[in-house]
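Peer 1: Chain residues, written in single-letter form:
2 protein chains.
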Amino acid sequence: MTKQQLFENILKKRSFLCVGLDTDITKLPKHLLKLDNPVVEFNKQIIEATAEYCVSFKPNTAFYESRGVKGWQDLEQTMELIPSDIFTIADAKRGDIGNTSEMYARAFFNKKESGFDFDSVTVAPYMGVDSVSPFLGFEDKWVILLALTSNNGSKDFQFSLLDGDERLYEKVIKQAHTWANADRLMFVVGATRASELEIIRKLAPDNFLLVPGVGAQGGSLQEVAQFGMNATCGLLVNSSRGIIYASNGEDFAEKARSEAKKLRDEMDVLLDKYLG
Amino acid sequence: MTKQQLFENILKKRSFLCVGLDTDITKLPKHLLKLDNPVVEFNKQIIEATAEYCVSFKPNTAFYESRGVKGWQDLEQTMELIPSDIFTIADAKRGDIGNTSEMYARAFFNKKESGFDFDSVTVAPYMGVDSVSPFLGFEDKWVILLALTSNNGSKDFQFSLLDGDERLYEKVIKQAHTWANADRLMFVVGATRASELEIIRKLAPDNFLLVPGVGAQGGSLQEVAQFGMNATCGLLVNSSRGIIYASNGEDFAEKARSEAKKLRDEMDVLLDKYLG
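Sequence order for the protein chains is A and B.
Take the first sequence: its letter number 170 is residue 169 in numbering that gives the first Met the number 0, and every next letter is one higher.
Take the second sequence: its letter number 260 is residue 259 in numbering that gives the first Met the number 0, and every next letter is one higher.
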């Protein structure tokens, strides 16, 4: 999917919501556990209930890997259920030396070989340029690079001051600009640090930012839009637990739908306010 | 596996060799491709041929993930073939926020749930303490943290100078000492930088170091032993392509065996020289 197509979807749906499919089998509504594929059925109902209000779905691969081969099968079946106009993110946080990152890229982008055809994958920057560039070799596919994450451990290294008063996450953003442009590269930016969004938006004026921290992780949508929105919106704001576990009863999909709609309605107002 | 058990295996086998099972289906000997499970058969023969000369096997998960569900099945079957006294490394370079890293830990350590019971997993440090600590919650399991990698991209961030003339990879090693001790924590250190091994050995006197860069990636085994060995050896030196692709004919396993033996023989001499 191109940046223009993504932006058009945002305008059409009045939403920059990404729904995180972090599906934990131990948290599913009990009535689903009788089924052969409870995770797939759960995801199917979540996708059908929320697709109208979001522009992206983001399965976190860890939740599927934790169940081994069966989990990987569930992820494959889940991806078949997502409408083709919705931007898909493999939240996998991969990254290795060149020939290995090439294998990871094929795992998520080369459907013929792996069964998966995601639009994008999250990538960790620690190993530098050749750990990222193989993902950029696939046409119309995106890298979403970890810059500033929303967890406590982000303080350990991401805020380290380098020569010249530059923080590590700032260097990551600057350096990554030499690898790809905003048509192929997004950044992960934790929304609990809305004040840093201003800095990041200066460093990455044109890139989409994937903001994972609204909802359970505690960010404010209002601040994210105020400091993060650019002329093509430039934001994908994720909510996982707040939507998919809004209820653990038989009404889970209906409740997920109303939580997604609530966020969409807020986003609609914010798009009006900051984008016009 | 405990550190003591690993050290005893090293002394018994006179080897600190790790064989990397980076099995690429496009590089297999042609005669195997007729089989139902060429990757598993290849791995089986490599494991049988080299187990005598190595103390560890390290499948790189990317090579399996690139083939989707089938690759994940092949990895599961491969792990069943590894003798129980051999230290297994999931070279997966994972790392995410706490509740997600917990899922990754279960993916590699919780056999009942995922089918996998690795002794260790490689973890990326960028997201800090809570991305690493969930892996440490599993008894007798190890984290192998990326410190200094052997690829070109390592220059992008790992060598960045922080306040007080400390490089990022040095800070990673220091900080990680506050998370776990040398009984649970190893570091990945690229062997192409033997000069840095001296610095790293000072920062991590007791930890095992996983050195991935000998062979195709170009490090010198002699220098690695000279600067890296400690009182309990403290080294796992990996070779992947140099062993598993030593021949792509019908003699591939035999050639792999003789390459592994050659490295074991060199290691035997080095253990004598530096450990006595």
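Since the hints were derived computationally from the structure, they do not count as laboratory data.
One should not assume that every hint holds.
Because identical chains share one entry, a pair is satisfied inside a single copy or across any pair of copies.
Below 30 Å or equal to it, Euclidean Cα-Cα: the simulated DSSO-like pairs (lysine-lysine) are [to be verified]:
hint	residue 1	residue 2
1	33	111
2	254	154
3	154	272
4	254	12
5	272	69
6	26	111
7	69	11
8	154	33
9	111	261
10	29	111
11	254	110
12	69	140
13	29	110
14	201	110
15	110	154
16	26	201
Peer 1: If a hint holds in the structure, say so; if it does not, say that too.
Peer 2: Hint by hint, here is what the structure shows:
1. Taking the closest pair of Cα atoms, residue 33 and residue 111 come within 30 Å of each other only across two copies (20 Å); inside a single copy the shortest separation is 32 Å, beyond that limit.
2. Taking the shortest Cα distances, residue 254 and residue 154 never come within 30 Å of each other, neither inside one copy (35 Å) nor across copies (48 Å).
3. In this assembly of identical chains, residue 154 and residue 272 lie within 30 Å of each other by CA distance neither inside one copy nor across copies; the values are 33 Å within and 43 Å between.
4. Within a single copy, residue 254 and residue 12 get their C-alpha atoms as close as 19 Å, which meets the 30 Å cut-off; across copies the closest is 60 Å, which misses it.
5. Taking CA atoms no more than 30 Å apart as the test, residue 272 paired with residue 69 passes in neither setting, with 45 Å inside one copy and 49 Å between copies.
6. For a Cα distance limit of 30 Å, the shortest separation of residue 26 from residue 111 across copies, 18 Å, qualifies, whereas the shortest one inside one copy, 33 Å, does not.
7. In this assembly of identical chains, residue 69 and residue 11 lie within 30 Å of each other by CA distance neither inside one copy nor across copies; the values are 36 Å within and 38 Å between.
8. In this homomeric assembly, residue 154 and residue 33 never come within 30 Å of each other (Cα to Cα): the closest approach is 43 Å inside a single copy and 52 Å across copies.
9. Within a single copy, residue 111 and residue 261 get their C-alpha atoms no closer than 38 Å, and across copies no closer than 39 Å, so neither meets the 30 Å cut-off.
10. Taking the closest pair of Cα atoms, residue 29 and residue 111 come within 30 Å of each other only across two copies (21 Å); inside a single copy the shortest separation is 35 Å, beyond that limit.
11. In the homo-oligomer, the alpha carbons of residue 254 and residue 110 never lie at most 30 Å apart, since the shortest distance is 33 Å inside one protomer and 34 Å across protomers.
12. For the homomeric pair residue 69 and residue 140, the shortest alpha-carbon distances inside one copy (26 Å) and between copies (23 Å) are both at most 30 Å.
13. Taking the shortest Cα distances, residue 29 and residue 110 sit within 30 Å of each other only across copies (24 Å), while inside one copy they are farther apart (33 Å).
14. For the homomeric pair residue 201 and residue 110, neither the shortest alpha-carbon distance inside one copy (36 Å) nor that between copies (46 Å) is at most 30 Å.
15. Proximity of residue 110 and residue 154 under a CA criterion of 30 Å is satisfied in neither setting, with 37 Å inside one chain copy and 33 Å between copies.
16. With identical chains, the CA atoms of residue 26 and residue 201 are never at most 30 Å apart, being 40 Å at best within one copy and 46 Å at best between copies.
Figure legend: structure checked against the earlier numbered hints; hints not met, in rising order: 2, 3, 5, 7, 8, 9, 11, 14, 15, 16.
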